[in-house]
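Per the numbering used here, the very first residue in the first sequence carries number 14; after that it's consecutive.
Bear in mind the hints are in silico, worked out from the structure with no lab data behind them. Do not take every clue at face value.
What the hints assert, rightly or not - Derived DSBU-like pairs (lysine-lysine); straight-line CA-CA distance at most 35 Å:
1) K367 to K389
2) K356 to K367
3) K389 to K358
4) K356 to K389
5) K389 to K365
Stated by the list, open to error - Per label pair, the in silico range of CB-to-CB distance:
6) E123 to R178: 26 to 36 Å
7) P171 to G192: 39 to 49 Å
8) G231 to P171: 14 to 24 Å
9) E123 to D168: 27 to 37 Å
10) P31 to D151: 50 to 60 Å
11) G305 to D112: 52 to 62 Å
12) E404 to A320: 21 to 31 Å
Just so we're clear, the structure is a prediction, and the values are computed from it rather than from any experiment. Just so it is clear, CB atoms sit at the ideal spot from N, CA and C, and this is done for glycine as well.
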Amino acid sequence: MTRALLTNPPATVAAGAPITLISGPDVWMEGDATLQLAAVARLAGCVRAAGMPDLHPGRGYPIGAVVATRDVVHPQLVGGDAGCGARIIVTTVERTTPDQLDRRLRAQFEAALVDAADPAALFAAAWQRGGRGLAEVDGLPDGLRQLAAREPDDDRLPPSGDPGRYQAGFEQVLGTVGGGNHFAEISRVDDVRDTATAAGLGLARHALVVVAHSGSRGLGTALGAHWGPRPLRGTERDDYLGELAGACRFAHANRLVVAYRLLSALGALRDHTLRGGFDVTHNDVRAERLDGGEAWIHRKGAAPAPAGGLTIVLGSRGASSWIMLGTGAAAGLGSVAHGAGRKMKRSEALAKLKDRYRRSEVARSTLGGRVICDDKALLFEEHPDAYKAIEPVIAALVAHRLATRVAALTPIVTVKL
DNA sequence: ATGTAC
Numbered sequence: 014m015t016r017a018l019l020t021n022p023p024a025t026v027a028a029g030a031p032i033t034l035i036s037g038p039d040v041w042m043e044g045d046a047t048l049q050l051a052a053v054a055r056l057a058g059c060v061r062a063a064g065m066p067d068l069h070p071g072r073g074y075p076i077g078a079v080v081a082t083r084d085v086v087h088p089q090l091v092g093g094d095a096g097c098g099a100r101i102i103v104t105t106v107e108r109t110t111p112d113q114l115d116r117r118l119r120a121q122f123e124a125a126l127v128d129a130a131d132p133a134a135l136f137a138a139a140w141q142r143g144g145r146g147l148a149e150v151d152g153l154p155d156g157l158r159q160l161a162a163r164e165p166d167d168d169r170l171p172p173s174g175d176p177g178r179y180q181a182g183f184e185q186v187l188g189t190v191g192g193g194n195h196f197a198e199i200s201r202v203d204d205v206r207d208t209a210t211a212a213g214l215g216l217a218r219h220a221l222v223v224v225a226h227s228g229s230r231g232l233g234t235a236l237g238a239h240w241g242p243r244p245l246r247g248t249e250r251d252d253y254l255g256e257l258a259g260a261c262r263f264a265h266a267n268r269l270v271v272a273y274r275l276l277s278a279l280g281a282l283r284d285h286t287l288r289g290g291f292d293v294t295h296n297d298v299r300a301e302r303l304d305g306g307e308a309w310i311h312r313k314g315a316a317p318a319p320a321g322g323l324t325i326v327l328g329s330r331g332a333s334s335w336i337m338l339g340t341g342a343a344a345g346l347g348s349v350a351h352g353a354g355r356k357m358k359r360s361e362a363l364a365k366l367k368d369r370y371r372r373s374e375v376a377r378s379t380l381g382g383r384v385i386c387d388d389k390a391l392l393f394e395e396h397p398d399a400y401k402a403i404e405p406v407i408a409a410l411v412a413h414r415l416a417t418r419v420a421a422l423t424p425i426v427t428v429k430l
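Based on the provided sequences and hints, a complete structural model is requested.
Structure follows, in structure tokens:
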């Protein structure tokens, strides 16, 4: 059965909803992950499931999966890191002074954002309007407010439910990266494959791009704890979706503040040094068209890739990220992988790599980039060796026509503070 | 992934 799952083109597995596995040559997939995907396809209301080439085992449910349901929504298929995603902003800056940049990055990420702003107003702005909301909050740095004013409003359903349940202190985490695979990064455009699309983003070879990969931090965990592991229907489902909308907007605001901090350290906050950018959420559930009807599309570690939509597949500090252009292909449920995907569990990576590398080696990547991280365990847990190779993942997405390549970004400095 | 407890 595992062998059948790993065939290419995609295989369909009996029992439960049809599953499409987006795999290809040299894409490693752990058997446990495909078993988890098969289990997901048997959940209440499930009509389709897709495994992306970064599929790997999660807690109960796999990461790198897209699950379509009718009527029922499963909060567990979004996970505790609800609203997590990636944000990029393109600059015209080409040069940095490494030591000065390190100092500036530390200063940015170690400073408190909220000192001068009213906490309740800050939380409400992020929950209600995401990054755009920060433009209206008094007391925030001018550069951040100007960056926020450039943001379009979110087109998803408006937040509802009870934000009062969650607003105790979460504004404190706005602008923080978090742990695990989250990072803030300055990277360089080193390979442009689609010049027209790249030009639309203002993206030119050698230019520096800031990348923020983070989520709603403790807020998503609180949401998951409140709603629990059961399927939701009717008004309960709608209340959850309203609160998820708030958490997703909060996560978007968080990534914008992280991007602001990177741009600030880089000295790229002026109008003439800023180009385009975009933000994608890869842990989410939303209503989308499917087979002529509407379905709830759950994404857990899968980035939306609608026809003509920009998206990003995140590399590691030892591998490039790829900006891609979606096709909206039904086979992938309008999605792509969110990254290379883990090859080793965190505990396994720590145990194996501690003996393989010195600590001075893990703070530097094979691509010449630097890592700013004070957590020794995290340096090993998130080492590039703990991840699959990115190139076969991108090649599989292209071969299955889920997206096309726009440009590759090579990490220069990765911040995990 | 996270905040907190062990």
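Verification of the supplied hints:
1. K367 to K389: Holds, at about 10 Å.
2. K356 to K367: 16 Å, holds
3. K389 to K358: 16 Å, holds
4. K356 to K389: 20 Å, holds
5. K389 to K365: 14 Å, holds
6. E123 to R178: 26 to 36 Å: The hinted range 26 to 36 Å holds for E123 and R178, with Cβ atoms some 30 Å apart.
7. P171 to G192: 39 to 49 Å: Distance hint for P171, G192 is violated at roughly 30 Å.
8. G231 to P171: 14 to 24 Å: About 23 Å separates the Cβ atoms of G231 and P171, which means 14 to 24 Å holds.
9. E123 to D168: 27 to 37 Å: 35 Å, holds
10. P31 to D151: 50 to 60 Å: Between P31 and D151, where Cβ atoms are some 52 Å apart, the hint holds.
11. G305 to D112: 52 to 62 Å: At roughly 58 Å between Cβ atoms, D112 and G305 fall inside 52 to 62 Å, so the hint holds.
12. E404 to A320: 21 to 31 Å: 24 Å, holds
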